[in-house]
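**Student:** Assemble the whole structure, with the sequences as input and the hints as a guide.
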Amino acid sequence: MRRHNARILAVLTLYNIDVSKLEGEDAINCMDNIQSVEKEYEYQVDIDYDFSRSLIENTLKNLNEIDEIISKSLVKYTIDRLSYVDRAIIRLATYEMKYTDLVKNVAINEALLITREYSNLDDDLQVKFNNRVLESVANNVSN
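Using this note's numbering, the first residue of the sequence shown is number -18, and each one after it goes up by one.
Careful, some of the hints might be misleading.
Stated by the list, open to error - Only pairs whose alpha carbons sit at most 30 angstroms apart, straight line, appear in this in silico DSBU-like list of lysine-lysine: (1) K57 / K42; (2) K57 / K109; (3) K109 / K42; (4) K42 / K53; (5) K53 / K109; (6) K79 / K53; (7) K2 / K57; (8) K79 / K57; (9) K53 / K2.
These aren't lab readings, by the way, just hints derived from the structure by calculation.
**Tutor:** Structure representation (structure tokens):
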């Protein structure tokens, strides 16, 4: 659960960075601010903050290549048409599939769980859409 919560924090931070158009040190400060708010209000969430920070920093470091992979994986769609939340979820999963030794199906499953929590309406259409995109990403990073 610690890693799942760390991924959620990473997605929320990537979302905030994207919406706010933050770059560089401001982007990293965004995560620190979220973490300090959680500690100040003593939220009882079990999060591996070091893992989350690593996900955020490395996703941002490789963002151009990640976006290129995602763009190649979209059919009749562009990356800028994705909602901010879905773009953050897909970026994180793409990072994990491309740059870590995490099994691709685990990265996809984690992304779909987060989609269900933060992006999906009751019709599961967003989960299905993100699943198709991430399956295509998995194929593109394998080749």
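**Student:** Hint by hint, say whether it matches the structure.
**Tutor:** Evaluated hints:
| no. | hint | verdict |
| --- | --- | --- |
| 1 | K57 / K42 | 27 angstroms, holds |
| 2 | K57 / K109 | 16 angstroms, holds |
| 3 | K109 / K42 | 28 angstroms, holds |
| 4 | K42 / K53 | 19 angstroms, holds |
| 5 | K53 / K109 | 18 angstroms, holds |
| 6 | K79 / K53 | 14 angstroms, holds |
| 7 | K2 / K57 | 26 angstroms, holds |
| 8 | K79 / K57 | 23 angstroms, holds |
| 9 | K53 / K2 | 23 angstroms, holds |
Every hint from the earlier list agrees with this structure, and none is contradicted.
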